[in-house]
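J.: One letter stands for each residue in the lines below.
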Amino acid sequence: MNLRELTNTEAMAEALREEMIRDPSVFIIGEDLVAHGGIFGQFIGLPQAFPGRVIDTPISETAIVGAGLGAALTGMRPFVDLHFADFTTCAMDEIVNQVAKIRYMFGGQAKIPLVIWAPDGAGLSAAAHHSQSLEAWFIHTPGLKVVSPCFPYDVKGLIKASIRSDDPIIFFMHKKIFSSKGPVPAEEYLIPLGKAEIKRKGKDVTLIAYSIMVLHALEAAKELEKEGIDVEVLDLRTLWPMDWESIAESVTKTHRVLIAHEACVTCGFGAEISARIQEELFDELDAPILRVGAYRVPIPFSPPLERFVIPGKESLIKSIYKILGKEMN
Amino acid sequence: MKEDHQIWLELYRMMVKIRRFETLTGELFAAGKIPGFIHLSIGQEASSVGVCSTLRPEDYITTTHRGHGHVIAKGGDVKRMFAELMGRSTGYCKGKGGSMHIADFSLGILGANGVVAGGFPIIVGAGLSIKLRGTDQVAVCFFGDGASNRGPFHEALNMASIWKLPILFVCENNQFASTTSFHYSTSVKSVAQRSIAYGIPGRSVDGNDILEVREAALEAVERARKGEGPTLIENRTYRLRGHFEGDPQRYRTKEEVENFLEKDPIKRFQEFLKNEKILNEEMDRQIWQAIDSELTDAIRFAEKSPYPQPMEALRDLYAEDVDPLFQRSLA
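Residue numbers (this note's numbering), protein chains in the order written: chain A, 771 to 1099; chain B, 1138 to 1468.
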């Protein structure tokens, strides 16, 4: 295998390039794409490589998502760039009432090969309207699939799988990991939707995480290793379909669970995972399941405020000590 | 018989078919045979038939909660429609959609929509897809006057205009947004005026005159097929029934409705065809009779069709059927 170090955005652009070569029905649509290369420069090079297939739009999120849907229903495979996950709210009818429901409410007549890509997450002092993690809304909506990977290898494989899927995908990517690097094979590969992956094997506690929290989880695990605590880090990668088999296998091994996401704890995806574990695997548990997430406030602007509100490595370490019933040194 | 005359008789036949479909649907609903709510398009037949008569099978439409007429005019199968209205497994959506969610993707019917203005963004996508695929199809978005006050109308017209998409935005101005009058709720005298803001042609026609509707649609379709972009057409009409069946209609007088009965599009066209000696009493009787016999058969088909099995509620969510609880395969 020929491995290169790519950033997450490079991995994504490579996936798009390969899929656009492979299938002429794939196109990219959104704001600020052609001249600017995407608001984060994530599409640089693609408008020139595929003239007419990277389409700039007015600031009209409703029509952008709807245009993706209408094109998906009539033979195309659109990749919609939504600028910021926060702006899903401007297209909520299209996502929740139309994109998610059209296959089902029309009795399975239609397929919806549509990817809605939306950068999410906090940590850049972008404040309340450019920092949210909203995945729980979409996991809650029947008909959607939700993806939120952390590493370039997973980003590339999952972008390709999402584009080839006949179901609508909401693809979140945390803004703070855009430039983080990782090995990506030059050879073609896909990562199936709905498959989690253990990023660090351990026996004492299962730390279930996704997106940027996987990075924090791995750092926490590294520190705890020095204290003789062996943490297993399970990266969900796809949030829905949920990879229950991988969750159950890890929980059955460690008997202790911490779930981490950057979204606020209340009614976050952690609540769902936790509830299912106690419903299905209650006898396996040696300690209460704990959750780590943001406080239930809008994301504030000022760096010390933002740092306080969103979770990081420290909150993970603290929670793991609590689960193990140990005192922190 | 001249070609025009054949087309005119076909237009008439289609309007009668929609009128009878809607009337029978109202009766079935009153008899408790259709669950939920229904919204009838009685009085608005000239709009659906006039516009859809200018389309090819491969052209697209989106429609609304008041969409039975558009589906029929685009070639929809009345058997599967009645079956859907009655929640049967042989319905267009296997009983998952009902009156407000009928689609037939094989006929380019991209669906009725329960959300007012829900069709606008979808039609922009259909228009964009036509352009990207390089075909000469057109896409038609039917909507009501109420929808022209929602944001998606404005985003869609702007986008369709800048990209010159092959779209007809067809407003059926039936004077009421649910129960609120057009004049109260809308900042302009005519929805067609709003075309000016988006730099596209706008035309307001007597929506109860089928030939006028058809003529405007033909022109807009030709423009669209030539790649010259979208058109906004306002068919001025009147909703003869309530917003929904059972609507007490406290917002208008009986006299107002009676006044519009005189302008009934079917009655007007019938008189026109008779005056032109294209239609006589006997032919007319046969038209209505043949349609009633087709619709009666369709109702019988629907009534005899089974309800879906409860487990069917878990299917059709994704490309592969999965257990909605754990997302495992249902096979």
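Derived from the structure by calculation, the hints contain no laboratory data.
Where hints are given, some of them may not hold.
[As the list claims (entries may be wrong)] Simulated restraints on C-beta separations:
hint	chain 1	residue 1	chain 2	residue 2	range
1	A	E993	B	K1301	22 to 28 Å
2	B	N1412	A	G845	21 to 27 Å
3	B	K1170	A	L1051	34 to 40 Å
4	A	S950	B	E1356	43 to 49 Å
[Said to hold, decoys possible] Where chain A lies over chain B, by a calculated footprint (3+ residues, C-beta under 8 Å):
hint	segment
5	1218-1230
6	1256-1268
7	1456-1462
[To be verified] Below 30 Å or equal to it, Euclidean Cα-Cα: the simulated DSBU-like pairs (lysine-lysine) are:
hint	chain 1	residue 1	chain 2	residue 2
8	A	K881	B	K1216
9	B	K1139	B	K1414
10	A	K881	B	K1301
11	A	K1088	A	K951
12	B	K1268	A	K881
Backbone N, C-alpha and C fix where the C-beta goes; we use that ideal spot for every residue, glycine too.
J.: With respect to the beta-carbon atoms only, verify the hint that S950 (chain A) and E1356 (chain B) lie 43 to 49 Å apart.
T.: violated, 56 Å
J.: Given the hinted pair K881 (chain A) and K1216 (chain B), is their alpha-carbon gap at most 30 Å?
T.: With a Cα-Cα distance of about 24 Å, the restraint between K881 (chain A) and K1216 (chain B) holds, given a limit of 30 Å.
J.: Using a Cβ cutoff of 8 Å, are there at least 3 residues of the segment 1218-1230 of chain B near chain A, or does the coverage claim fail?
T.: holds (count 3)
J.: Take a quick look at whether K881 (chain A) and K1301 (chain B) sit within 30 Å of each other, Cα to Cα.
T.: holds, 26 Å
J.: Measure nothing beyond the straight line between the CA atoms of K1088 (chain A) and K951 (chain A); if it is 30 Å or shorter, mark the hint as holding.
T.: Roughly 28 Å between the alpha carbons, so the hint for K1088 (chain A) and K951 (chain A) holds.
J.: Taking a Cβ-to-Cβ distance below 8 Å as contact, does the segment 1456-1462 of chain B have at least three residues touching chain A?
T.: The restraint on the segment 1456-1462 of chain B holds, since 3 of its residues have a Cβ under 8 Å from chain A and three suffice.
J.: Counting residues of the segment 1256-1268 of chain B that have a beta-carbon nearer than 8 Å to any beta-carbon of chain A, does the count reach 3?
T.: Coverage by chain A holds for the segment 1256-1268 of chain B (11 residues, Cβ < 8 Å).
J.: When you check the alpha-carbon spacing of K1139 (chain B) and K1414 (chain B), does it fall within 30 Å?
T.: Given pair K1139 (chain B), K1414 (chain B) holds - Cα atoms ~12 Å apart, limit 30 Å.
J.: Return holds or violated for the Cβ distance of N1412 (chain B) and G845 (chain A) against the range 21 to 27 Å.
T.: violated, 46 Å
J.: So does K1170 (chain B) sit 34 to 40 Å from L1051 (chain A), Cβ to Cβ?
T.: violated, 48 Å
J.: Would you check the hint for K1268 (chain B) and K881 (chain A), treating anything up to 30 Å between C-alpha atoms as holding?
T.: holds, 20 Å
J.: CB of E993 (chain A) to CB of K1301 (chain B), is that within 22 to 28 Å?
T.: violated, 59 Å
Hints 1, 2, 3, 4 from the earlier list are contradicted by this structure; the remaining hints agree with it.
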